[in-house]
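**Student:** Here are the chains, one letter per residue:
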Amino acid sequence: MKKLVRNIILLVVISTLIAMLFGNMLTTFGWGDSTFYTKSKYFLDHPDQFNGVYIGGSLEYRHIDPHTIDSIASSKGVDLRSFNLGNDGYNLPLQVWVTENILKRDTGDLKYIFLSLSSDPLFYKGILHTKEWDYWQNLKSVIFSIRVLYQMDLPPKIKKQFSRFYLTSLAENAVKVQMMGDLLQFRLKPVPADSIYLGKNKDGFFPYDDEEAYLSQRDDLTEEIISKMENNNLSKIDYQENQAKRDSLEHRWTKEFETFDPEQKPIPLYLKTYLDLYQRCKERGIQLIFVMPPKGRTSYQLLMAIYEQLPEDSKINLADPRVYPEFYALENGYNYHHLNLKGAKIYSTKMGHLITNLISNKN
Amino acid sequence: MFSTGISWYSAKKIAENTEHQKRKMWLILGITLNILQLVIFKYLNFMDDNFRELFQWIGFSYPVPEPWFNNIILPVGISFFTFHSLAYTIDVYKGITPIEKNFAFYTLFVSYWPQLLAGPIPRANQLIPELRKKASPEYERMKNGLIKMGLGMFKKVVIADRLSPYVNQVFDNYQYASGWTIILGATLFFIQVYCDFSGYSDIAIGASRMMGIKLVENFKRPFFAKNLADFWTRWHISLSTWLTDYVFYYLGAYKSTGLRVVFNVIFVLAICGLWHGANWPMILSFTLIGVMMAIRYLWQYNVVREIKPSNTYKWSEKILTGNVHRVITFFILMFGFLLFRVQTVMDHLHAQGINTSWAEVAGKLYTNFFKLNQAGFWHETISHKGEINFFIGIFFVLVLMFTEGIVGDQLIEDKICEKKKVVRWSIYLFLMVSIIWFGVFNQNEFVYFQF
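Chains A and B supply the protein sequences, listed in that same order. Going by my numbering, the first sequence wraps up at 363, each residue one higher than the last. Going by my numbering, the second sequence wraps up at 451, each residue one higher than the last.
In isolation and in its complexed conformation, chain A is listed as follows (with noise of 0.2 Å):
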């Protein structure tokens, strides 16, 4: 029995080392995440072409035009030349490593980074277990999630949940459980997300609209795509028709926002990583500047505190419902949580000018 398990043992240990050293050997920047891939390749391949780039998830993907902002700055005579980097799911953790990976390689012309405050290391369950959660997870961001989570006010049961799902995730990717595959394909032949995700101007920004009329028009419905499409109505119709939901939403929100106190103690983690983020890219001759996005999941008051601590020329909030009900107004809005392209274009305006009005100032 004992020659049994030392055996035993011997395998796991002789194949985790055989299965780390050879899967990561062959790993690059975005290769797990289609989307993102090809978005990261479009943005990097070009660094000549933007100076601004917008870090986030699907509020920002689905919300932040550049077109619009960068006509708005160039209106007043400021040049910024954008691209929207969002992709949807990705959480504080994934902002945080999107950055530092742009920071680490050659940016050419890149001025500003506009990093969205959003988020925390909470996610989707249904995204565990596959490519896109698993292939960015290392030590680093790992370690970085947990402490997060138990530096949050959250039950003690969520927070050994989440740390749990952090370190699978990372002994997944440690070892490429079931990834070699689509790696080797991406290697010797990747297949590309379809360009239409870098959206119309080719500038990063693909709103939930867009992506409809885009799936309707597909002749291979793939089990992907139908549920996407199911996924994006059902989400869409939920909430045209509920609106006890609705208000409850926004009332959640606006009492956040109303009832927050300002000497609440932020996240220490959260902030002191934003604030070296914030050191790094100054360093680099980088701006960086934090977005505060409407309709988050996040708590707004858990956010309110970091973004109180943060340097007053480099912040913007376009979160609170007192001052901008437009956002949370049924008619600008494509579900619970994101706009549609007509609240997506109020959204970018109002931004451009908060933009082209801080940037302007601390020229």
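Quick caveat, the hints were computed from the structure, so don't treat them as lab data. Ideal Cβ positions, reconstructed from N, Cα and C, are used throughout, including at glycine.
20 Å max Cα-Cα, derived SDA-like pairs, lysine to any residue: (1) A:K2 <-> B:E138; (2) A:K125 <-> B:N442; (3) B:K134 <-> A:M1; (4) A:K3 <-> B:R141; (5) A:K2 <-> B:E140; (6) A:K2 <-> B:L146; (7) A:K2 <-> B:Y139; (8) A:K3 <-> B:C417; (9) A:K362 <-> A:R284; (10) B:K421 <-> A:V13; (11) B:K421 <-> A:M1; (12) A:K228 <-> B:A351; (13) B:K421 <-> A:V5; (14) A:K3 <-> B:L146; (15) B:K421 <-> A:L11; (16) B:K419 <-> A:L11; (17) A:K236 <-> B:Q352; (18) A:K2 <-> B:R141; (19) B:K421 <-> A:I8; (20) A:K265 <-> A:P311; (21) B:K421 <-> A:I18; (22) A:K2 <-> B:K421; (23) A:K228 <-> B:L349; (24) A:K2 <-> B:N144; (25) B:K419 <-> A:N7; (26) A:K41 <-> A:T28; (27) A:K3 <-> B:Y139; (28) B:K420 <-> A:I8; (29) A:K228 <-> B:N442; (30) A:K2 <-> B:C417; (31) A:K228 <-> B:G353; (32) A:K228 <-> B:Q352.
Residues from chain B that face chain A, not an exhaustive set, calculated with beta carbons under 10 Å: (33) V157; (34) G386; (35) I388; (36) I435; (37) W437.
Could you slot chain B onto chain A? The hints should help.
**Tutor:** Below, chain B alone, put in the same frame as chain A:
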């Protein structure tokens, strides 16, 4: 528990009674009640649908109101544990198996977990002594069991689940698929079902072996079958032997006249289809194979037997070597098993809100099957999901077929255990790393769980 209780009690009564009539009565009662619960859970909806359609067709109003059994949940593995119970009752009646007096042990036999969900289907006289046997942990036996489990896992997650997206791609778009695409899809589906099912059996057998319990082998290189009859001695062996012992022999097997044998063969295959699924495509899939087997039987019985001494026969034997026989057998089965997939296609269409009949789906599949002048299978099947991933799947299929080819009728795990340490460890590492890297773990459950 109902099924277990009925079969145990009726078998006990059979053993206690010496009177032939009473023994027979308990046998019939045991069999009837077991089949009845299988019918209620598995076939009532199917029967109701068919009667409803029949009444509609002949223009009568259907007397049964909205059926109460529409929402019955099918108990997992019901087909398997009902067959365990039936075999036990019949074997006690025939005196093949002694009565198991301990109800707890009998329950353990019926619900023995490794093989409860998808077989193999053991006989009481094989499994009960194994369960009663005291086993101490032995290194060689446990190692052998672990290798068997590893091979099963490899077949399931590295081959079956890796092929699954390509199979789905073909059958979800069957309306537009060309002939070559359907042939490719059907071939991959056949391999997928084999690896999925035999993978489960290997895990069940390996886990039992580790605990010192020997289960019967359920697959013996089915793709190396030289004819259809040979195939059933290699595929889901425990079900084939069950049907042979309790249905085919009861009908008279090969002892009757030519036409009666034809009926026996087709009937047993139809029962086999009905066991696999309460739907017409499944029944017809197996019946079609039964018809092919009957044709082969008639050919053998009436033609080959007559011309055997002649040169014609020798000539054909020379030309049609074993491998040609194997390819033909594979092709016939692949063609028949197209119907096996129809119900899944229907479920997919229903999920999309498309209502169509199984006959339309089957008709389109078989019509497109022969459109061999349209060879768009590469684009239709592979390029969507990635060529490299496809070739990785094919590579592992070839590895498995090659291994089965060189190992022959010996068990792969036994052959591995005979090898030198370096070779053995290389195989272990190949299996482990392949499972880690190329296994698909967020795929569907085992295909045979639905039975």
